[in-house]
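J.: For chain A, the structure is supplied; the task is to place chain B on it using the hints.
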Amino acid sequence: MMIASKITKYPTLQFRAPNPLRMNFCIMTISYQNLQNWLLHNWKRFLAIEILCLSIGFSYYYFAPKIYEANFGVRLPKTQIALTAEPNKTEWHMIISGIDFLRILQNPLGYGNEFIRDCMGVDTNQNRKDWVNALNIGLKNRGDVIQFSIRLAGEGRTLQCAQLFEIEVMRDLTSYYESAIKQATIEGQLEKKIIQFEKPSVVGAIRLSDSFIQPNLKKTLIGVLLLGLFITVFFSVIQKKYRH
Amino acid sequence: MNLSIPLRSEYVLTLILCCLLHTLIFFFPVPVYYIPDLALILYLLYKFRDLNQALSPIFFIGLILLLGYYFLSPEPPETEFKNNYLVSLKPFFYLCVLAAYLKNVPQIDLKKWFRIILWIYPLILLWNLFLVHLDENANLQHLMTRRPYFIFENNFEITFYLNCFATLFFIYGQRKIIDFILVVLVIILAGSRSGLLAFLALGVFYFFSVGWRQKIIATLLGVGAVFYIGKGRNISAPLNSIDRVQSLQALLGHYNNSFWEILKDPLGAGIYQKFPGYLCSRIPDFAEWFTGNSHNCDPLMLQAFYTRALFQFGIYITVLIPILFFYLIKKEINAKLALIILTPMACVATSVGGFSNGLAFWGVLLSVYAYQQYQNPNLLLHASSGKR
Chain A
237 MMIASKITKY PTLQFRAPNP LRMNFCIMTI SYQNLQNWLL HNWKRFLAIE
287 ILCLSIGFSY YYFAPKIYEA NFGVRLPKTQ IALTAEPNKT EWHMIISGID
337 FLRILQNPLG YGNEFIRDCM GVDTNQNRKD WVNALNIGLK NRGDVIQFSI
387 RLAGEGRTLQ CAQLFEIEVM RDLTSYYESA IKQATIEGQL EKKIIQFEKP
437 SVVGAIRLSD SFIQPNLKKT LIGVLLLGLF ITVFFSVIQK KYRH
Chain B
2 MNLSIPLRSE YVLTLILCCL LHTLIFFFPV PVYYIPDLAL ILYLLYKFRD
52 LNQALSPIFF IGLILLLGYY FLSPEPPETE FKNNYLVSLK PFFYLCVLAA
102 YLKNVPQIDL KKWFRIILWI YPLILLWNLF LVHLDENANL QHLMTRRPYF
152 IFENNFEITF YLNCFATLFF IYGQRKIIDF ILVVLVIILA GSRSGLLAFL
202 ALGVFYFFSV GWRQKIIATL LGVGAVFYIG KGRNISAPLN SIDRVQSLQA
252 LLGHYNNSFW EILKDPLGAG IYQKFPGYLC SRIPDFAEWF TGNSHNCDPL
302 MLQAFYTRAL FQFGIYITVL IPILFFYLIK KEINAKLALI ILTPMACVAT
352 SVGGFSNGLA FWGVLLSVYA YQQYQNPNLL LHASSGKR
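Sequence order for the protein chains is A and B. For the first sequence, the numbering used here gives the first residue as 237, with consecutive numbering after it. For the second sequence, the numbering used here gives the first residue as 2, with consecutive numbering after it.
No false leads were slipped in.
With a straight-line Cα cutoff of 20 Å, these simulated SDA-like cross-link-like pairs (lysine to any residue) come out:
#1 A:Lys454 / B:Leu67
#2 B:Lys104 / A:Gln269
#3 B:Lys48 / A:Tyr268
#4 A:Lys314 / B:Gly278
#5 A:Lys302 / B:Pro77
#6 B:Lys83 / A:Asn372
#7 A:Lys454 / B:Tyr86
#8 A:Lys454 / B:Tyr71
#9 A:Lys455 / B:Leu67
#10 A:Lys455 / B:Leu64
#11 A:Lys454 / B:Leu73
#12 A:Lys365 / B:Pro75
#13 A:Lys455 / B:Phe72
#14 B:Lys83 / A:Arg443
#15 A:Lys454 / B:Lys83
#16 B:Lys83 / A:Asn452
#17 A:Lys455 / B:Pro75
#18 B:Lys265 / A:Leu341
#19 B:Lys83 / A:Gln450
#20 A:Lys454 / B:Glu76
#21 A:Lys454 / B:Phe72
#22 B:Lys104 / A:Asn270
#23 B:Lys265 / A:Ile373
#24 B:Lys265 / A:Gln342
#25 A:Lys455 / B:Leu73
#26 B:Lys83 / A:Ile449
#27 B:Lys83 / A:Ile303
#28 B:Lys332 / A:Met264
#29 B:Lys48 / A:Asn270
#30 B:Lys332 / A:Thr265
#31 A:Lys454 / B:Asn85
#32 A:Lys455 / B:Tyr86
#33 A:Lys455 / B:Lys91
Beta-carbon label-pair distances, calculated as ranges:
#34 B:Leu201 / A:Glu423: 51 to 59 Å
#35 A:Lys365 / B:Asn85: 31 to 39 Å
#36 A:Gly440 / B:Asn85: 22 to 30 Å
#37 A:Phe299 / B:Leu253: 41 to 49 Å
#38 B:Asn335 / A:Gln362: 51 to 59 Å
#39 B:Phe291 / A:Glu423: 41 to 49 Å
#40 A:Leu338 / B:Asp110: 56 to 64 Å
Keep in mind that the hints were calculated from the coordinates and are not lab data. These numbers were taken from a predicted model, which means no experiment stands behind them. From the three backbone atoms N, C-alpha and C, an ideal C-beta is built for every residue, glycine too.
Just chain A, with the same shape it has in the complex:
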């Protein structure tokens, strides 16, 4: 991929006559001959840059912090309500919707100082934002189960944070559950409309990833090989431009 004069060895297709009023967006000519010439002139540099990039890639892979993942799910608290129109039928309502709870958890200021200290080491604003970015939250089943994925450096730290976070989440959800019961009792609906409440619960135990999930060897290798190619092309273009 280099800018070079058109090769006449192979028959070219007829191009339209250039129209000066029309912008010409074609920025380079690509041909087998061009690519061959480019590779012949640059193969040493290409090889050297690729080896350099590969060594950087391997160094990154071995020395970068290893990110582990912990997964667990939580079932949201619900109420079973008798329908006013059809008393024989009932419906399950969530006390707090998964989306609303998820949004609350995305607030960096929504966590206690102690939790951030225990999990992230020091309670700084940056650590709070890092914690929120380490969270990957999704809704499962019929929207009544929240699936949490926590991605942090270090196997032990990830597991510890997941355990602490599970306690935080369960405490929050239990408080929603209890306040819903209190509210219903005050309003006198407990006997009339609401049939039963369902407590929040943890779905399965915390699962840690089999191995570290980042850095990813395949992506790192593909990335550095492509980077090497782009750098070589860039250097050859710069060299051509400034030599003339």
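T.: For chain B alone, kept in the frame of chain A given last:
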């Protein structure tokens, strides 16, 4: 009206070979999904020697999108199954191919092969129905509910077939009413709703390109096809009973049916993210049918390209993909022809892979090549005289 049926030996020979191939596939099913892409890669390798053209900057846009979505899409939890993300990346790969190989015209007479395909494909569909009859002792009523095919699902084949018809009619100017009758026959035999949609869209261009007699015949045939498929595939049923509409509605529900919410997710969820589990359970059995596991909610199960792209790429990139395809083709041929050539692919993208389907892409690519062969017959002269 020219109703002469070409019965040259190569037509008959091709038909026999295709029927044999189909019989083999019919009785011994083999995975065929990646054949068009494999053929494309082989073609790219074979024609790499002849690469010689101005490179459109759209090549770099396609490359950036390809690499960007591959490297920067958020990874799903390790406890989930992996997506078939290579399929999601295909539109960007096709854009790069189109930008780099648009002028790398094959040295075979595409006109002849488009005509052969136009003639033999309905016969292959009939052959498929005959095999069904032999295999299952099916009666006519049962056969009418079948979706005959050659190698792939007929939704994909019809896209390619419509491109063959469009090329012969709009590029080569072969305005035979018999060709249109064959297309209607294929649409009726195939019973594809997305195929019908693409046919009707193409029919609009056809209608304004022919004389009054052909207009009337085409309208009658078109109405007949709509009526037949409408009855056979129960089109009169409520719109939200159609599976593709259900999956679109489920996805729009994820965005609270709000356009602003869609805009808030400009680059989508990425190619690795699962379709949200709570939405997956709203369209029961889809994941199980598509991936073999009800917990593997690969966005591919949505089937329709636009729905999947909206979730994975976001609205801007979903809109950008057809525009880039159109712009690339328009640069080579005129805007009207570019629109016609892209119509089948853009229409079936409402229901199936569309811009990420290899066979549909082959249809577009060959149509552009056919235009260049038509404009510059020297390309074929070079081939026949062995100069290239």
